[in-house]
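Please construct the entire structure, taking both the sequences and the accompanying hints into account.
Spelled out, the chains give:
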Amino acid sequence: MEAEIKVSNLYAYFGSICALRGINISIKEKVVTAVIGPSGCGKSTFIRCINRLHEVVPEAKLSGEVLLGGKDIYSADADPILIRRKIGMVFQRPNPFPALSIYDNVAAGLKLNGIKRKNDLDGIVERSLKMSALWGEVKDKLNASGVSLSGGQQQRLCIARALAVAPEVILFDEPCSALDPISTGKIEELLFQLKKNYTIIIVTHNMQQAARVSDYTAFFLLGELVEFDKTQDIFTKPKDNRTEDYITGRFG
Amino acid sequence: MKIKSADLWFKKAAAILALSAAALVILLVCSMAYYALPAIRKFGLHFLHTSTWDPVKEIFGALPFIYGTVISSALALLMALPVSLGIAVYLAELAPCCLREPLSFLIELLAAIPSVVYGLWGIFFLAPFLRETVQPFLFRYFGFLPLFQGEFYGVGMLSAAIILSIMIIPTISSISREVFLTVPSAQREAALALGATRWETIRLAVLGYARSGVLGAVILGLGRALGETMAVTMVIGNRPEISGSLFAPAYTMASVIANEFSEATTDLYLSALIEIGFILFFVTLIINIAARALIWRVSAKIKAK
Amino acid sequence: MNIYIKRKIINKLMCGAAFFSALLTLAPLISIFGYVISKGITSVNFDFFTHLPMPVGEHGGGMSNAIVGTLILIGLSCLWAIPLGVFGGVYLAEFGNNKFAAAVRFSADVLNGIPSIVIGIFAYTVFVLPMKSFSAISGAFALGIIMVPTIMRATEEMLRMVPFALREAALALGVSQSRMIVSIVLKTALPGILTGILLAIARIAGETAPLLFTAFGNRFWPQGLNQPIAALPLQIFNYAISPYDDWHRQAWAGALVLILMVFLISLLTRFVIKPKYRRKEMIWKQK
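Protein chains in written order, with UniProt numbering: chain A, 1 to 252; chain B, 1 to 305; chain C, 1 to 287.
Derived DSSO-like pairs: lysine-lysine, alpha-carbon spacing no greater than 27 Å straight-line:
| hint | chain 1 | residue 1 | chain 2 | residue 2 |
| --- | --- | --- | --- | --- |
| 1 | B | 12 | C | 187 |
| 2 | C | 8 | A | 86 |
| 3 | C | 12 | A | 86 |
| 4 | C | 187 | B | 11 |
| 5 | A | 86 | A | 118 |
| 6 | A | 196 | A | 28 |
| 7 | C | 8 | A | 71 |
| 8 | C | 132 | B | 57 |
| 9 | A | 86 | C | 6 |
| 10 | B | 12 | C | 99 |
| 11 | A | 28 | A | 71 |
| 12 | A | 111 | A | 130 |
| 13 | A | 86 | A | 6 |
| 14 | A | 116 | C | 12 |
| 15 | B | 42 | C | 132 |
| 16 | A | 6 | A | 71 |
| 17 | A | 116 | A | 86 |
| 18 | C | 187 | B | 4 |
| 19 | A | 130 | A | 186 |
| 20 | A | 71 | C | 6 |
| 21 | A | 186 | A | 139 |
| 22 | A | 61 | C | 8 |
| 23 | C | 8 | A | 111 |
Distance ranges between label pairs, derived from CB positions:
| hint | chain 1 | residue 1 | chain 2 | residue 2 | range |
| --- | --- | --- | --- | --- | --- |
| 24 | C | 160 | A | 244 | 49 to 55 Å |
| 25 | A | 143 | B | 186 | 19 to 25 Å |
| 26 | B | 49 | A | 143 | 40 to 46 Å |
| 27 | B | 186 | A | 40 | 18 to 24 Å |
| 28 | C | 183 | A | 182 | 56 to 62 Å |
| 29 | C | 4 | B | 106 | 34 to 40 Å |
Part of the chain B face toward chain C, derived, beta carbon under 8 Å:
| hint | residue |
| --- | --- |
| 30 | 6 |
| 31 | 17 |
| 32 | 229 |
Simulated from the structure, these hints should not be mistaken for lab results.
Virtual Cβ for every residue (Gly too), placed ideally from N, Cα, C.
This is how it looks when you write it as structure tokens:
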């Protein structure tokens with residue numbers, strides 16, 4: 001249970017605004033967990049607390065406990081640098097480094113960690129690009145700039161970049177919101193492949209997507225976790241009225 | 001009808017005044033070319049690569065001045081660039097919020113000090129300080145290099161380069177800082193999410209993203225260094241010689257104009273000085289166009305997003 | 001784990017270096033201000049502002065003529081550079097979507113980048129050579145050229161910030177376009193334009209190079225606009241490179257007065273004009 005995530009009593013703030021109020025959730029490893037809810041409900045803040053990105057926002061504060069494989073990532077001796085290495089993240093908009101080539105984008109995290117030998121790098125870059133289903137499209141232009149790709153390709157490049165450092169958990173923050181339907185389909189297929197090896201948490205505002213790709217679903221509303229259950233149960237027999245209202249489209 | 005004609009006149013008057021800015025540039029080029037022509041005719045390209053400067057025999061070669069300008073500016077850039085980037089990184093990425101504004105205000109104060117005051121400080125503080133402390137130190141530990149040999153005058157290439165670097169630091173650092181602030185936070189978060197340290201985040205996300213803007217800032221700083229006159233004239237020692245040592249006095253294009261222009265008695269002497277000014281004009285023109293093109297490209301990229 | 005510790009150390013070193021470069025730059029700033037203030041304040045006295053410079057060897061004297069000369073030069077430069085800059089800016093902002101305006105903008109950028117010593121040569125060739133004399137006029141011509149691009153671009157930028165609805169409202173009342181520009185647009189943008197003008201003045205107040213062979217300097221009171229005239233920066237330069245201690249003291253006093261003058265003008269833009277303008281901007285936004 002190395003990559004199991006247990007969150008207890010998590011509160012998160014921006015200045016004096018409370019974005020998360022007492023979240024308790026336990027996320028199983030090697031499944032896809034979707035986080036849904038109307039915009040502003042704190043779902044992005046929630047996953048940013050898991051890889052300690054919340055704290056880089058000025059005036060952001062946080063309290064509570066987040067356990068990764070049984071260890072509190074917010075304990076005094078935990079180093080965010082090591083934690084973020086174990087927990088990869090893919091963002092809402094593709095954000096490859098524009099100054100780096102496709103190859104160097106994927107290799108960026110490895111080089112930071114002192115992997116410099118060309119042979120090692122070549123192998124991992126190829127494997128990561130294959131896993132993110134981009135290899136066939138870019139293998140002949142690995143030295144082209146990362147931003148020369150289309151939006152969907154850029155997003156898969158960002159996924160390869162996250163995979164290259166061999167994380168245990170991958171967070172997806174609305175990864176398809178800036179993409180066309182075909183690219184979205186490719187990313188969803190990818191999630192299916194990835195869950196064999198990784199624990200995946202995906203934030204999405206698209207309920208069909210949550211139903212398609214996830215095993216578990218958490219519904220957030222106004223900074224609170226309303227309901228967390230198997231995806232099938234959430235969408236067919238929600239226990240909470242608010243969940244039902246949301247998934248049947250009565251608000252949000 | 002009356003209103004229409006009034007509007008037309010107003011537009012015409014504004015257009016004429018706007019036009020005069022363009023006319024000034026054309027007039028400047030024409031009149032300097034006209035007065036530089038005798039020297040250009042007489043010396044041709046020899047002017048650029050010979051180093052005899054003899055007003056009595058009327059033989060003029062500008063190489064020592066070109067050399068002095070190029071080397072002093074290049075050295076200044078070499079010193080100013082890392083410091084300016086450090087300041088910009090500190091102000092944009094690292095400093096606590098309450099320090100950012102006051103610190104950048106202080107650094108920009110450096111740009112408001114008149115250059116003659118820099119020169120005054122250079123004569124009475126910097127040159128003696130270099131002569132008595134820095135140059136003996138450099139000679140003792142690095143004296144095996146030809147760069148740090150010769151008499152300790154204080155005034156010379158080294159002091160000119162130091163003063164120039166202080167003067168261009170605010171230019172480079174403030175533009176770089178602004179460019180850094182335009183880097184989207186998604187870039188920084190991408191690096192952080194890979195497990196990058198603070199410095200690695202700056203290197204990967206900020207410096208990489210901002211490099212063409214920083215290049216523009218550097219070129220703009222270079223343009224300022226090449227044309228700077230008073231402070232350099234007061235500390236460079238004004239000797240038209242090419243020396244490998246940084247301790248030796250030198251001369252720049254701008255300072256030879258400043259020192260000798262009002263004493264230039266013959267037409268050819270004056271013409272030679274104006275030709276130096278003309279060269280300086282063209283070099284800075286090209287440099288400024290290049291810098292603007294780079295900075296403009298960066299801001300266009302931001303607007304497009 | 002080794003690489004991890006190395007990364008940590010590099011991180012600390014580089015962040016420390018960035019902090020250190022900020023400190024390093026403050027050193028010359030403090031040194032310059034320390035010198036100018038400590039050396040200047042002991043030499044500034046009442047005589048400095050009221051007396052003419054003394055001949056070599058005689059104590060005392062002041063730079064009253066140079067202060068007056070600098071003020072005259074600034075005034076003369078404003079006289080031609082402000083109308084040209086402001087109306088040039090009006091043209092660029094109001095009628096400036098054509099190739100001709102692009103050429104004007106380019107020229108302003110070129111003027112802005114020319115080393116000031118080269119501008120001095122230019123002024124020398126068009127004024128001093130034909131008039132066969134150094135003069136206040138040629139000095140003011142050179143300083144004005146430095147002002148024009150700053151004022152022109154500031155005016156253009158400020159006018160573009162005036163909301164379009166305001167112009168339409170004025171035109172809808174049947175006001176002519178020229179009247180609308182002068183009494184509505186210019187008036188609204190006035191604080192911003194004034195800021196631009198003050199910044200330009202602060203810049204030329206300390207300029208020395210373009211005056212070396214135009215205004216030239218003078219040891220007496222100004223004698224006419226077609227005669228050489230004293231200027232504070234010139235006087236500081238001449239005294240600084242002289243071999244006399246007494247003159248060095250005067251140079252420091254002059255530097256103190258010059259710096260105070262430049263900073264006073266800059267401060268004026270920062271604290272007097274801008275806040276007002278900001279408030280106005282906010283009102284527009286609310287509407």
